[in-house]
Amino acid sequence: MEPIRQWVLRVYDGNHRLTEVAGEWPDALLEAEGWQVRASAEGDTVRAEALRQGSGGISLGVRFLVPPESLDTLCFPGAVYSGNRFRMRPLEYPCILREPEDLGVGVPVTTAVLPGLPRFQLFARDGAAPALGWHGPDDGVWIAFDERTDWGPNGMEADEAGGTATIWFPGVREGTVYGGQASPDRAFVAPLGSRLNARLSVTRTAGQPDWEACFLRIWEAFWTRSVVEDLPFSSAQRLLVAKHNEHYWNEAEGYFMLSDGSWEYGCWQSGWVGGGIQMFGLAHEEDPLTRPRVERMLDFVCGPAQHPSGLFWSVGRNGVFDTDMVGMAWGHDWHLIRRTGDVAYFLARTLRLKQALGHPIAATWIAGLRRAVEVLWAIFERHGQFGMFVAQDTGVIRSGDTTSGAIIPAAYVEASLALGEPEWVGRAGRAADAFVALFERQGFTNGGPGEAAQAPDSESAFALLESLVLLGEATGDPGRWSQAERVAAHAATWVMPYDYRFPAASTLGRAGIRTGGSVWANAQNKHSAPGICTLSGQSLLRLYRHTGEPLYLDLLKSIARGVTQYLSRPGRVLFDLLPGGSCERVNTCDWEAPHTPIGEGFAVDCWSSISALLTACEIPGVYVDTSRRRAVAFDHVRFDVDWDGGRLHMHNPTTFAAEVSILVERTLPIPAAWSPLTVASARRVQLATGASTTVSFSEAPEAPHPPQAP
Numbered sequence: 002m003e004p005i006r007q008w009v010l011r012v013y014d015g016n017h018r019l020t021e022v023a024g025e026w027p028d029a030l031l032e033a034e035g036w037q038v039r040a041s042a043e044g045d046t047v048r049a050e051a052l053r054q055g056s057g058g059i060s061l062g063v064r065f066l067v068p069p070e071s072l073d074t075l076c077f078p079g080a081v082y083s084g085n086r087f088r089m090r091p092l093e094y095p096c097i098l099r100e101p102e103d104l105g106v107g108v109p110v111t112t113a114v115l116p117g118l119p120r121f122q123l124f125a126r127d128g129a130a131p132a133l134g135w136h137g138p139d140d141g142v143w144i145a146f147d148e149r150t151d152w153g154p155n156g157m158e159a160d161e162a163g164g165t166a167t168i169w170f171p172g173v174r175e176g177t178v179y180g181g182q183a184s185p186d187r188a189f190v191a192p193l194g195s196r197l198n199a200r201l202s203v204t205r206t207a208g209q210p211d212w213e214a215c216f217l218r219i220w221e222a223f224w225t226r227s228v229v230e231d232l233p234f235s236s237a238q239r240l241l242v243a244k245h246n247e248h249y250w251n252e253a254e255g256y257f258m259l260s261d262g263s264w265e266y267g268c269w270q271s272g273w274v275g276g277g278i279q280m281f282g283l284a285h286e287e288d289p290l291t292r293p294r295v296e297r298m299l300d301f302v303c304g305p306a307q308h309p310s311g312l313f314w315s316v317g318r319n320g321v322f323d324t325d326m327v328g329m330a331w332g333h334d335w336h337l338i339r340r341t342g343d344v345a346y347f348l349a350r351t352l353r354l355k356q357a358l359g360h361p362i363a364a365t366w367i368a369g370l371r372r373a374v375e376v377l378w379a380i381f382e383r384h385g386q387f388g389m390f391v392a393q394d395t396g397v398i399r400s401g402d403t404t405s406g407a408i409i410p411a412a413y414v415e416a417s418l419a420l421g422e423p424e425w426v427g428r429a430g431r432a433a434d435a436f437v438a439l440f441e442r443q444g445f446t447n448g449g450p451g452e453a454a455q456a457p458d459s460e461s462a463f464a465l466l467e468s469l470v471l472l473g474e475a476t477g478d479p480g481r482w483s484q485a486e487r488v489a490a491h492a493a494t495w496v497m498p499y500d501y502r503f504p505a506a507s508t509l510g511r512a513g514i515r516t517g518g519s520v521w522a523n524a525q526n527k528h529s530a531p532g533i534c535t536l537s538g539q540s541l542l543r544l545y546r547h548t549g550e551p552l553y554l555d556l557l558k559s560i561a562r563g564v565t566q567y568l569s570r571p572g573r574v575l576f577d578l579l580p581g582g583s584c585e586r587v588n589t590c591d592w593e594a595p596h597t598p599i600g601e602g603f604a605v606d607c608w609s610s611i612s613a614l615l616t617a618c619e620i621p622g623v624y625v626d627t628s629r630r631r632a633v634a635f636d637h638v639r640f641d642v643d644w645d646g647g648r649l650h651m652h653n654p655t656t657f658a659a660e661v662s663i664l665v666e667r668t669l670p671i672p673a674a675w676s677p678l679t680v681a682s683a684r685r686v687q688l689a690t691g692a693s694t695t696v697s698f699s700e701a702p703e704a705p706h707p708p709q710a711p
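Following my numbering, the numbering of the sequence shown begins with 2 at its first residue and continues without gaps.
Read the hints as simulated data drawn from the structure, not as lab findings. C-beta atoms are modelled at their ideal positions from N, C-alpha and C, and glycine is treated no differently. Any given hint could turn out to be false.
[Said to hold, decoys possible] Distance ranges between label pairs, derived from CB positions:
{"no.": "1", "residue 1": "397", "residue 2": "574", "range": "45 to 53 Å"}
{"no.": "2", "residue 1": "108", "residue 2": "479", "range": "28 to 36 Å"}
{"no.": "3", "residue 1": "91", "residue 2": "674", "range": "45 to 53 Å"}
{"no.": "4", "residue 1": "628", "residue 2": "175", "range": "50 to 58 Å"}
Work out the full structure: start from the sequences and follow the hints.
Right under this line is the structure:
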């Protein structure tokens, strides 16, 4: 049954509403305050024409009735989940819960003040995708539209009292906007004869999980994105390795910092924003400078950076380590659980990579990994969950009931292989079951960012996906692949499916940045970001290999191609950052205005450059699946495939020389096991700028087939 809808015309004086009239769907003649507007709809197109001008300006809406039982599922991707009906607190940044009634376990989801029900007005640019959706037990709806029309930026409104959701052309936020500032919005003063021609697609679905899976199909089919051809992976990798060696190496303590060390949080931070994660990317370098430095960093991570409890210190500088709440008047023993989960995961992967490369493994590194996974398991056995913040010394949960530690099952799978202890796979399964149950109960993931209270977020969504994919590979359990597919569909709601049009004079506008594939951080911090915090998205490729679903390749292609364009570089410096630096802000809305307007950022290098490093190491430049006759270029090259002749024709359209990895494999009847060398050992092809070449499949070795995980 089609959702009930009607036309609505609002007349404004600026952003002060004067009146509102409604008309029948699909054709209506709307009159108010001297305005006369004819509106019509056919298929996925809505049209309107101003036949007579009146006072003020207008906004034309398409209003939908939302069943009362579906309001709790209302979703605006990247901004509103479950209607944002959370317990909210007026928190100052950094937004961390601190009141006694908000702490411990068994506490409802609590956030800073977010736009949400009972009523909200937002622009389409305030979230990842211009869409609204809701579902019931047996059916659901997605409404997809574009970010703007000739009448201005489009908006949306949800009203619990009326049980309605409305798409507005253009959007007008009445009253105040972010930070309590007066709304700068203005209705459209339509010239006589002005015409609106807009896309608006309504898709009916079954209930969950089909509802969210349907969004992934809409993500691919409805919106368009540029195929970014900018900075090849190999060029990005050279910039990033040079930056770390020349500017971020701490010789006195023996580790790679997150910055040049000039600010408090830019030295050691475990996990989350990159500390201990960049170590894995740099471990792919075997030059005489980087390799011994990575090994010194392993000594550091498994030595002074690890608390006697086994958890890793949250932050550190000049040999002094502390918890997350350094410098604050409360929470002195708090540790964000995903920090240790992240470091344990990438520590295990670094050890496995070095084992595969034939490098000696120090006993202290093995001991450090074992201490980390054991303390995490002790927390789970005590509480039945990992919480969000725990006591650094005892592991007692201070703030719980989130998916903050969703990467921990993946850490257990990798640890089982690095330590040669198969029992960690079983523990990974138990941990994953707890995370999946919480995700399904809430309808979203949360707790990944340490400064966004318990708001829904993308970071723990992609972390949970990583864990489920690794478990699927390790156990062969088809149920894990079903869980992974549901989480992948949810993760897609955080990824921008279109290219936002930045102001021409803005930094990102001048740089020609394309936002398709950028990833929104969380529902609190209203910005997209260059990539996934802090992963490459390789789980999407590994999920495709087992399911054959090409949408996962398309999603990864947009993410992977986009992330390197945000790197500052000689000849195109962004935000005064060093070459290889990347600001996490991809601001498409005015949440930080006037301090950081749309299209602007700041000179703080962040985790997004490490995501770019992981992308260059973990994602093949060109992937060829000969079984399904499917190929994709994740790197910045063009290609054609001659399947019958077994040849790949490649061209480098960028202004940079490229060394492109080519991974060719047969995924049927089952794909080969993924190893630390699957991408690292793939054939490399050199392409000068503007050059083309042809490669035979027989010259590109198949993916290695190491033993399956226990």
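Q: Could you tell me whether the CB distance from residue 108 to residue 479 stays inside 28 to 36 Å?
A: holds (35 Å)
Q. Within 45 to 53 Å or not, the Cβ separation of residue 397 and residue 574?
A. holds (46 Å)
Q: Please test the hint of 45 to 53 Å on the beta carbon pair from residue 91 and residue 674.
A: holds (51 Å)
(Q) Quick check: does the Cβ-Cβ distance between residue 628 and residue 175 fall within 50 to 58 Å? (A) Given range 50 to 58 Å: holds, Cβ gap about 55 Å.
Comparing the model with each earlier hint shows no violations; every hint is respected.
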